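Those protein sequences? They're chains A and B, same order as listed.
Terminal number for the first sequence in our numbering: 102, no gaps in between.
Terminal number for the second sequence in our numbering: 288, no gaps in between.
No lab work stands behind these hints, which were simulated from the structure alone.
Among these hints, one or two may not hold up.
Calculated pairs, DMTMM-like style, for lysine to aspartate or glutamate (alpha carbon to alpha carbon, straight line, at most 25 Å) [what the hints assert, rightly or not]: (1) 155(B) / 48(A); (2) 152(B) / 15(B); (3) 152(B) / 229(B); (4) 152(B) / 48(A); (5) 152(B) / 162(B); (6) 85(A) / 73(A).
Only a predicted model underlies this, so the values are computations on that prediction, with no experimental measurement involved.
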Amino acid sequence: MTSPGDSGTREIWPLWEVFLRPSRGLSHVHAGSLHAPDSTMAVRNARDLYTRRGEGVSIWVVPASAITASDPDAKGEFFESPEGKEYRHAVYYTASEAVPHL
Amino acid sequence: MPTTNRSASTALTPEAIAESIAADETVASEPVALYALGLGDDALVLAHRLGEWITHAPELEEDVALGNIGLDLLGHARSLLTYAGSAWGTSEDDLAYFRGESEFRNRQLFEQPNGDFAHTIARQLFASVYFDGLYRALRRSTDPTLAAIAAKATKEVDYHLDHSVQWLLRLGLGTEESHRRMQRGLDAMWPFVGELFRAETGLPEGGVAHVPLDVTDGGTLGGVVVDLEPLRSAFDEIVPRLITDAGLTVPTVPFARGGGREGRHTEALGPMLAEMQVLARAHPGVTW
Numbered sequence: 001m002t003s004p005g006d007s008g009t010r011e012i013w014p015l016w017e018v019f020l021r022p023s024r025g026l027s028h029v030h031a032g033s034l035h036a037p038d039s040t041m042a043v044r045n046a047r048d049l050y051t052r053r054g055e056g057v058s059i060w061v062v063p064a065s066a067i068t069a070s071d072p073d074a075k076g077e078f079f080e081s082p083e084g085k086e087y088r089h090a091v092y093y094t095a096s097e098a099v100p101h102l
Numbered sequence: 001m002p003t004t005n006r007s008a009s010t011a012l013t014p015e016a017i018a019e020s021i022a023a024d025e026t027v028a029s030e031p032v033a034l035y036a037l038g039l040g041d042d043a044l045v046l047a048h049r050l051g052e053w054i055t056h057a058p059e060l061e062e063d064v065a066l067g068n069i070g071l072d073l074l075g076h077a078r079s080l081l082t083y084a085g086s087a088w089g090t091s092e093d094d095l096a097y098f099r100g101e102s103e104f105r106n107r108q109l110f111e112q113p114n115g116d117f118a119h120t121i122a123r124q125l126f127a128s129v130y131f132d133g134l135y136r137a138l139r140r141s142t143d144p145t146l147a148a149i150a151a152k153a154t155k156e157v158d159y160h161l162d163h164s165v166q167w168l169l170r171l172g173l174g175t176e177e178s179h180r181r182m183q184r185g186l187d188a189m190w191p192f193v194g195e196l197f198r199a200e201t202g203l204p205e206g207g208v209a210h211v212p213l214d215v216t217d218g219g220t221l222g223g224v225v226v227d228l229e230p231l232r233s234a235f236d237e238i239v240p241r242l243i244t245d246a247g248l249t250v251p252t253v254p255f256a257r258g259g260g261r262e263g264r265h266t267e268a269l270g271p272m273l274a275e276m277q278v279l280a281r282a283h284p285g286v287t288w
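Build out the structure end to end from the sequences listed, making use of the hints.
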């Protein structure tokens, strides 16, 4: 089972994930992915593909194989909402009258 | 002024040059126009060759990279041809589409066929070293339009050079096959290196002084056009080192006769122009 565009054994350019920090941004945000023969070319390709409108000041590239993701099928248990666990949230404090702007 | 999401830039656009020409503020003298026409043709012809790669590159990312370089060069060509046209009252399109092969002034390297990817990289490497030195020096031209075009182009050709060097290294130090092809590409393009640094013989006598190339930015202003002699020495210093760093051999094939600036071209240019100009010539005078 191959995906569209997958050339099988001819595929020698691994997949890289690209993270960009915009010029006014505080953190790197995932921008997309690309193929490149090595990290140097990946950064250059990312510049071509994701910063054409001057949106980035810093680029990180990571081989897709280096990323470990949470199991998408385990959503229920893994990200279970903390409903019914009020003791985890500071929701029962009352604001002191002497501190008006809390 | 259309709003873009780019930070405000003072880079000169072909449209701004055309406006300034229409307002009679910018008119190139005949020798300056011929000089601009030669540089414009270099960029236009190479841009067209790179356009032929679109959808044929080895990878999608490389398709984008070659397309980017081609677009940058087309931008340089548009500015230079628009400026050249101010001397004769012709537009960039008139110059691009309604001149015959013998009227094109590009140097012969730029019209060479794409060949395989290594041929294209070899051609781009030589072209980028040439453009890089040329535009850096031209920024100090006494002609303000040429200086402004060069200032914008310098940043772009820096990147083109980097792209070519990266691929020279990868193909040269890659597999046995990529090494062999890169060497063949260098050997095929080398004959056209000599012509890049030959003085501009097609320019009328007088009226053009030369800008002495000073690698520091404090060079004295000497005139309008760039002195090619120092560019040649810079090329001879940089390129052989890049080639040997990539594990390849500096070609020893003799230089071709050249003559592009006088309208003498290799057999590759005619068919390229036929394709480039067919639509404009079939419908002269239409707007698009």
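Hints violated by the structure (listed by number, smallest first): Structure breaks no hint.
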